[in-house]
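Novice: Sequential numbering from 501 applies to the sequence shown in our numbering.
Think of the hints as simulated: they come from the structure by calculation, not from any bench.
Predicted model only: the values in this text are computed from it and were never measured.
Wrong hints could be hidden among the right ones.
To be verified - Within a straight-line C-alpha distance of at most 20 Å, the following computed SDA-like cross-link-like pairs (lysine to any residue) qualify:
1) Lys615 to Asn810
2) Lys523 to Gln715
3) Lys524 to Asp711
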Amino acid sequence: MADANIQTQVPIISEKAGWPVVKKPHPPFYFGGKYMEIWGNVGFAACAANFFTHPLDLLKVRLQTTKGANGGLTTVVRSIISQQGVLGFYNGISAAVLRQMTYSMARFATYEELKKQMSSPDGSLPFYRMAVAGITAGAVGGICGTPADIVLVRLQNDGSLPAAQRRNYKNAFDGLFRIARAEGPLGLFKGAVPNVSRAMLMTGAQLCSYDGFKQLLLSTPYFSEGLLLHFSASFLSGFVSTTITSPFDVVKTRVMNAGSNSPYRNLFQAMVLITKEEGIRALYKGWTPSFVRMAPQTILTFIFLEQFRNFYWNRYSIRKQVRFE
501 MADANIQTQV PIISEKAGWP VVKKPHPPFY FGGKYMEIWG NVGFAACAAN FFTHPLDLLK
561 VRLQTTKGAN GGLTTVVRSI ISQQGVLGFY NGISAAVLRQ MTYSMARFAT YEELKKQMSS
621 PDGSLPFYRM AVAGITAGAV GGICGTPADI VLVRLQNDGS LPAAQRRNYK NAFDGLFRIA
681 RAEGPLGLFK GAVPNVSRAM LMTGAQLCSY DGFKQLLLST PYFSEGLLLH FSASFLSGFV
741 STTITSPFDV VKTRVMNAGS NSPYRNLFQA MVLITKEEGI RALYKGWTPS FVRMAPQTIL
801 TFIFLEQFRN FYWNRYSIRK QVRFE
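Based on the provided sequences and hints, a complete structural model is requested.
Specialist: Have a look at this one:
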């Protein structure tokens, strides 16, 4: 029986050895195949990571919307557990999934396509072009994700408000409809400027630094393609992107949560006002949970994404009967 198995595998191996060698194609932002086209691999990767990191994102929002020095991390955690229980850490999860399927899918897909279009004939991509691709992709993702982001911020912060002031959205779509009805269609893009600014910096920093750290680590004798490389590059990328985007993240959260009576007129005025009233450190409120969230979010997203890419390349290789360099 074992001899029969060996005999059937030999022709397959020898057949692959005769396939032509080509460069790996840029994977599309969807899987391909009639059953899975609607699930973007980047959107799915981000959603898969988000289920692990959503509680940390909720803590970040609660800290960022707390003015003064009254709301420390321990105080916020105790408040959520005492008032809503453990499930309170997953408030707004429907909006978080919707955000990832709009914001993350749009920015990753745009980034991959721009990288493909901006690469040199030999496949290389200078860092400055990589940065342009990342910043542009962030703008696209920020615009696409703003409506879901507003609902997410409000759902996550609702539990910290007095009962009379809570919005009590049932889910992400209920929030979208109620915001559009109460504040007009433009209400769905409240805080778009700080959100898009943050998304441009986030995507430029996160994706470019990930690719940059990945290339840097591969140039050393200690790393090769695999989970350790992906983990290390994404961890470093998470630290860089969290630090760069923190001030914009604080302003975005404050503006989106403020509703129609917002004291913030624009991005610059909001930063000045927050700094004047609460000090420069207020712009880095929630940095710790943000990084603790961003590091695993970035790590899991890129690890999932790398596995999805390998899945695509394996299918491509068999379908086209080619080998990769």
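Novice: Determine for every hint whether it applies to the structure shown.
Specialist: Results for each hint:
1. Lys615 to Asn810: holds (18 Å)
2. Lys523 to Gln715: holds (18 Å)
3. Lys524 to Asp711: holds (16 Å)
Figure legend: structure checked against the earlier numbered hints; every hint is met.
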